[in-house]
Amino acid sequence: MIRFEQVSFAYEKDAPVLQELTFDIGEGEAVGLIGANGAGKSTLMKILLGLLPYEGTVTVDGMRVEKKNLAEIRKKLGFVLQDSDNQMFMPTVYEDMMFAPRNYGLSKEEAEQRVDRTLEELGLMDLKHRYNHKISGGEKRMAAIATILAMEPQVILMDEPSTALDPVNRRTVIRTINDLTMTKLIASHDLDMILDTCDRVILLSHGCLAADGPAEQILRDQKLLEANRMELPFCLAGPQRQR
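Count along the sequence shown starting at 1, add 1208, and that's the number in this note's numbering.
Think of the hints as simulated: they come from the structure by calculation, not from any bench.
Keep in mind that the hints are not guaranteed to be accurate.
What the hints assert, rightly or not - Calculated pairs, BS3-like style, for lysine-lysine (alpha carbon to alpha carbon, straight line, at most 27 Å): (1) Lys1283 with Lys1221; (2) Lys1283 with Lys1254; (3) Lys1316 with Lys1284; (4) Lys1221 with Lys1254; (5) Lys1316 with Lys1336.
Make a model of the complete structure from these sequences and hints.
As structure tokens, this is what we get:
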């Protein structure tokens, strides 16, 4: 579904952000994208969305990420931003959820059916006509996910989906992610959440691929994580985390 081949990128000459990245993500995989600040996670997602130029080859469902294909590619990708306030720009949850389906050419009736189906599946019908500025942070995060799911993407990208959530809402987001059947790429510093939601982990370090493998294996490798300025997930660290 996603392929990076020898992908490099630099905002400034001689200061590479990504360096010759090569990996594949298959249809239906749930992949965690981890790494310390500045590792290149957000840049990688922006390249996938066609927001940045790059060297190498990036494809989504067999289509190269380039200008002539972007409209079709972006129909396949749903991106949940780290800050829900930057994503939810219409007055109500309903209007936000209607926006993309209507702009993709669906009739009002078809778009409303998608909205209702998505909200019912997530148990969020009570948010449908709520004003975005009057719902809590956790509700807004769930509404932001619902907005993307109403697009019915083949791939969902998430940037720090658990940021600033209380324990109850964090668990709700994790449960929601696990219920999704499409391809998922989740960038996060919350390694416990990655362990709960992803079968595979890609670890970036200074723009390079430091590791790629089963989540359980990589997230239990204390030496590997510490060498890349990260720590074991809390659920695995035990007394070691308190030293």
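Each hint, compared with the structure:
1. Lys1283 with Lys1221: Between Lys1283 and Lys1221 the Cα gap is close to 32 Å, so the pair fails against 27 Å, i.e. violated.
2. Lys1283 with Lys1254: Judged against 27 Å, a Cα distance of about 15 Å means the pair holds.
3. Lys1316 with Lys1284: holds, 21 Å
4. Lys1221 with Lys1254: Status holds; Cα separation ~19 Å.
5. Lys1316 with Lys1336: holds, 15 Å
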